[in-house]
Amino acid sequence: MSVTSETLTNEGARRSAGTIRLNVEQASYAYAGEGEGAPLFTLEAASFQARQREVVAILGPNASGKSTMLRLISGTLAPLSGRVQLEGFETSGLDPRTRAQRIAVVQQESPLLFPARAWEYVLQGRYPHGRTLRFETAEDCAVAENALAQVGASHLRDRWMDKISGGEKQRVILARALAQQPILLLLDEPTLHLDIGAQVDLLQQLRRLAEENRYTVIVVTHELNLAAEFADQVVLLHRGKCLRVGPPAAVYSKELLEHVFEAPLEVEATPSGRPRVIIRGKRPEDAGGNDPRQP
Amino acid sequence: MRPLTFRRVFWICCALLGVLFVVVVLALKLGAVPISVTDLVLSLGRLAIGRSDQLPSEYRLIVFDLRLPRILLGILVGAGLSVAGASFQALLRNPLADPYVLGVSSGAALGAILSLIFAPNIPLITPVAAFLGAGLTIAAVYFLGRREGQLDSSTLLLGGIITASFLSAVIMFLMTTLSGRDLRGMAFWLMGDLSTPLPQSLRWVFLIGLFAAIGAIYSTAGDLNLILTGEREAMHLGVDVTRVKLVVYIAASVLTGLAVAMSGAIGYVGLLVPHVMRLLFGSDYRLLIPTSAIGGAIAIVLADMLARTIVAPTELPVGAMTAMAGAPVFIYLLRRTLR
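Residue numbers (numbering that gives the first Met the number 0), protein chains in the order written: chain A, 0 to 294; chain B, 0 to 338.
Fair warning: there could be bad hints in the mix.
To be verified - Straight-line C-alpha distance at most 20 Å; calculated SDA-like pairs for lysine to any residue: (1) K162(A) / M0(B); (2) K162(A) / L65(B); (3) K240(A) / S66(A); (4) K28(B) / S56(B); (5) K253(A) / R275(A); (6) K28(B) / P68(B); (7) K28(B) / L65(B); (8) K162(A) / R335(B); (9) K240(A) / H258(A); (10) K162(A) / G229(B); (11) K240(A) / A37(A); (12) K28(B) / R59(B); (13) K240(A) / L39(A); (14) K240(A) / A29(A); (15) K162(A) / G281(B).
No lab work stands behind these hints: they were computed from the structure. Just so you know, these numbers come straight off a predicted model, no measurement behind them.
Based on the provided sequences and hints, a complete structural model is requested.
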């Protein structure tokens with residue numbers, strides 16, 4: 000993950016040059032409570048914009064409204080007020096098939112009821128591009144092969160989905176999203192069950208894919224450092240409020256993050272210009288810098 | 000990468016139809032009065048060239064008036080039950096679902112028993128009442144199974160099981176009021192039996208309903224494949240999940256209701272045939288639905304043949320046969336998946 004300051008400046012220049020692809024404008028949502036009572040959860044009006052080739056991290060602790068924001072963007076929820084537009088169209092107004100041609104959502108996978116091979120799984124991504132009852136064409140297979148190759152998973156093609164590791168599975172799921180040939184890629188906590196190597200690997204892939212395929216990538220996460228390292232923009236949510244939007248260096252401040260994540264943190268600047276967050280231990284011996292295992 | 004092609008579906012179905020043909024010929028041949036294959040082929044040939052009047056009358060009676068209608072009924076009921084089973088397994092995302100899991104058979108039996116008690120003399124009332132009972136049950140379960148305006152798989156399953164056990168209790172209660180002859184008729188509804196031929200006037204209703212429902216389910220085969228991997232994922236891949244679930248729910252219920260109204264609740268076929276077909280040909284619904292339909296037909300014709308011959312000249316109800324053969328097959332499949 001070598002992001003030099005030079006590439007950062009280039010990124011900035013390019014970002015401002017691209018047209019806006021996703022426009023979230025004062026979008027809000029509330030889940031109704033029982034009867035006439037107060038709503039169970041409210042996402043207050045939030046706004047941000049994303050361009051092509053941009054990676055946006057929606058960041059926040061649990062119950063901050065990240066998933067609601069994801070559902071608003073993916074169009075499965077319609078905002079109560081405001082707008083969520085993808086290239087000028089309301090995402091919640093698109094019919095499911097058209098929406099799936101433009102937006103691919105990568106979620107925590109659900110357990111499979113009957114076994115499937117990786118290639119069968121990836122071919123599912125071609126569904127929105129055909130009629131309901133049709134058989135996959137040679138072109139669909141080529142797209143699926145290409146998607147597997149793009150995430151470096153060609154060797155997994157004929158393996159069973161329940162016989163591969165978590166990291167490998169995540170790649171196949173990502174390949175299925177690529178096979179949809181979307182313009183917007185939404186990922187819900189994609190690094191949740193991955194070890195640190197696989198996490199970095201995945202995010203590097205996302206960066207590369209955003210660049211090569213001109214995707215707009217939106218990642219919902221609570222991993223502060225991964226977001227800092229890979230995102231062009233961070234949308235910081237806290238208890239249903241959008242607190243700040245901007246590049247990581249502008250959003251990451253010690254006071255703000257400590258308030259949001261309710262943990263003692265340090266924010267360091269790195270030579271690349273991207274901030275790094277360190278968890279400060281609560282125990283006095285940690286604060287003193289001593290390793291407690293060595294007396 | 001070998002995606003499913005139309006050619007593959009076509010040839011597999013042809014092969015299965017070949018097996019079905021052999022089984023049908025066997026079923027025509029075997030029975031309390033055995034008939035040689037040569038005679039059978041001769042008489043079938045005569046029938047084919049339109050000279051049915053030249054057939055010996057006892058053949059006509061046994062083969063074409065008794066056995067053939069029964070076999071055809073078996074084919075239709077088997078196809079309907081298997082397709083309904085495969086559909087409910089996808090709809091409820093539960094491999095143990097069968098056509099009766101939502102209480103349709105109990106509803107049908109209750110309808111039948113009520114007609115036997117209150118209006119025993121109206122012609123055709125029993126199958127019609129059974130179908131109405133099935134329809135009312137499925138509507139009630141639908142409202143029990145909704146959560147926040149959506150059909151929720153686990154709520155639906157629970158609602159179905161509760162409804163089924165409640166209706167069974169009501170049936171047990173009502174059965175104490177039935178006389179001996181009617182009690183035997185009741186066994187038919189609870190066990191399943193193909194010996195009552197399809198009433199002439201209901202034949203077309205049955206056929207059209209069956210084919211329309213199978214067609215409707217097949218039109219959603221691609222969607223069902225995705226729903227099986229998860230409803231939210233299917234939604235994000237462009238499936239109109241609410242619509243597909245409603246279509247499949249209604250169509251599979253119609254199939255079950257029709258099958259139960261015609262032949263009582265024949266068990267295990269709708270549960271097992273889709274699983275056997277999955278093991279043989281994979282779980283792609285574009286292939287699974289047609290193969291289940293043909294496989295279900297084969298299974299019921301075979302089971303009915305055994306039921307007619309195994310203790311001839313007495314007959315077992317076909318439902319007893321499918322249960323006896325089905326339970327060991329089911330245990331085998333279960334052990335196999337566990338390993």
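Results for each hint:
no.	hint	verdict
1	K162(A) / M0(B)	holds, 18 Å
2	K162(A) / L65(B)	violated, 52 Å
3	K240(A) / S66(A)	holds, 13 Å
4	K28(B) / S56(B)	holds, 16 Å
5	K253(A) / R275(A)	holds, 11 Å
6	K28(B) / P68(B)	holds, 14 Å
7	K28(B) / L65(B)	holds, 12 Å
8	K162(A) / R335(B)	holds, 17 Å
9	K240(A) / H258(A)	holds, 13 Å
10	K162(A) / G229(B)	holds, 19 Å
11	K240(A) / A37(A)	holds, 17 Å
12	K28(B) / R59(B)	holds, 13 Å
13	K240(A) / L39(A)	holds, 14 Å
14	K240(A) / A29(A)	holds, 12 Å
15	K162(A) / G281(B)	holds, 17 Å
When each numbered hint is compared with the structure, a violation occurs for hint 2 only.
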